[in-house]
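Peer 1: Could you build the full structure based on these sequences and the hints that come with them?
Basically our numbering = 1-based index in the sequence shown + 15.
These are computed hints drawn from the structure, not numbers from a lab.
Each residue gets a CB set at the ideal place from its N, CA and C atoms; glycine is no exception.
Warning: the hint list may mix true and false statements.
[Said to hold, decoys possible] Label-pair distances were calculated between CB atoms; the ranges are:
no.: 1; residue 1: Arg41; residue 2: Glu88; range: 30 to 40 Å
no.: 2; residue 1: Pro165; residue 2: Arg58; range: 33 to 43 Å
no.: 3; residue 1: Arg44; residue 2: Thr72; range: 27 to 37 Å
no.: 4; residue 1: Leu187; residue 2: Glu66; range: 17 to 27 Å
no.: 5; residue 1: Arg133; residue 2: Arg80; range: 31 to 41 Å
no.: 6; residue 1: Gly60; residue 2: Ala192; range: 17 to 27 Å
no.: 7; residue 1: Thr175; residue 2: Met16; range: 27 to 37 Å
no.: 8; residue 1: Leu137; residue 2: Met16; range: 35 to 45 Å
no.: 9; residue 1: Arg73; residue 2: Asp178; range: 19 to 29 Å
no.: 10; residue 1: Gly63; residue 2: Arg41; range: 14 to 24 Å
no.: 11; residue 1: Ser158; residue 2: Ile111; range: 11 to 21 Å
no.: 12; residue 1: Ala160; residue 2: Ser59; range: 33 to 43 Å
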Amino acid sequence: MNGPIWLVTGAPGAGKTSVADALCRRYPRASHIPVDDLREWVRSGFAGPLEWTDETTRQFGLARRSAARIAAEYSDAGFAVVIDDVVREPDLVDYIPNLGGRAMRKVLLAPSLAELLRRNTLPRGKSFDTAVLERVSRELHVSLAAANTPERDWLVLDTTALDVSGTVERILASPSAA
Numbered sequence: 016m017n018g019p020i021w022l023v024t025g026a027p028g029a030g031k032t033s034v035a036d037a038l039c040r041r042y043p044r045a046s047h048i049p050v051d052d053l054r055e056w057v058r059s060g061f062a063g064p065l066e067w068t069d070e071t072t073r074q075f076g077l078a079r080r081s082a083a084r085i086a087a088e089y090s091d092a093g094f095a096v097v098i099d100d101v102v103r104e105p106d107l108v109d110y111i112p113n114l115g116g117r118a119m120r121k122v123l124l125a126p127s128l129a130e131l132l133r134r135n136t137l138p139r140g141k142s143f144d145t146a147v148l149e150r151v152s153r154e155l156h157v158s159l160a161a162a163n164t165p166e167r168d169w170l171v172l173d174t175t176a177l178d179v180s181g182t183v184e185r186i187l188a189s190p191s192a193a
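Peer 2: Given below as structure tokens:
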């Protein structure tokens, strides 16, 4: 039996990685695919997201298509799969064709902007100055909410007052989990 494929998104500070890890622990077999990790496989010519170029678009597309193919393989082997990525509905063009007809359960973690900004000031072991995330977080907070809506089959969770465990409980209690 195929395992479910989850896509967890949100702006920086929304809790994607923590929630993805915790969601994986709720299954007997699960794989977490952080798209940022796939992007960092590039050792020469890496195009980062802070100064967006055509090459950045190309590398994000490559990582997303790869994530979808990996997810399909693990799902076919009976693993639950949780992909974490900052992704808008239009970006699913990189995912859907590469899932081979498998369903993907889409979750937007949407804490308040104030909470996002607060979380981004916390020490998280990032290799860059997290102050650069403020502008990006402000922009993504608006664009993700506009693009990833319940009408487009996204489970949208206001996680402002939820901890990781509470967020996972809400995800698993949603109709998407069925």
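Peer 1: For the hint 27 to 37 Å, verify it against the beta carbon of Thr175 and that of Met16.
Peer 2: Check passed, 36 Å falls within 27 to 37 Å.
Peer 1: Assuming the hint says 19 to 29 Å, is it satisfied by the Cβ distance from Arg73 to Asp178 or not?
Peer 2: With a Cβ separation near 37 Å, Arg73 and Asp178 fall outside 19 to 29 Å, so the hint is violated.
Peer 1: Does 17 to 27 Å hold as the CB distance between Gly60 and Ala192, or does it fail?
Peer 2: Given range 17 to 27 Å: violated, Cβ gap about 39 Å.
Peer 1: Check the following: the C-beta atoms of Arg44 and Thr72 are separated by a distance inside 27 to 37 Å.
Peer 2: holds (34 Å)
Peer 1: Is 33 to 43 Å respected by the C-beta to C-beta distance linking Ala160 and Ser59?
Peer 2: Given range 33 to 43 Å: holds, Cβ gap about 36 Å.
Peer 1: Starting from the range 11 to 21 Å, see whether the pair Ser158 and Ile111 falls in it by beta-carbon distance.
Peer 2: holds (20 Å)
Peer 1: Could you say whether the range 31 to 41 Å given as a hint is met by the Cβ separation of Arg133 and Arg80?
Peer 2: Since Arg133 and Arg80 have Cβ atoms about 34 Å apart, the given range 31 to 41 Å holds.
Peer 1: Between the beta carbons of Gly63 and Arg41, is the distance compatible with 14 to 24 Å?
Peer 2: violated (32 Å)
Peer 1: Taking the CB of Pro165 and the CB of Arg58, does the distance hold inside 33 to 43 Å?
Peer 2: holds (40 Å)
Peer 1: Between Leu137 and Met16, does the C-beta distance stay in 35 to 45 Å?
Peer 2: holds (39 Å)
Peer 1: Measuring from beta carbon to beta carbon, are Arg41 and Glu88 in 30 to 40 Å?
Peer 2: 21 Å Cβ-Cβ, so the 30 to 40 Å window is violated.
Peer 1: For the hint 17 to 27 Å, verify it against the beta carbon of Leu187 and that of Glu66.
Peer 2: At roughly 38 Å between Cβ atoms, Glu66 and Leu187 fall outside 17 to 27 Å, so the hint is violated.
When each numbered hint is compared with the structure, violations occur for hints 1, 4, 6, 9, 10.
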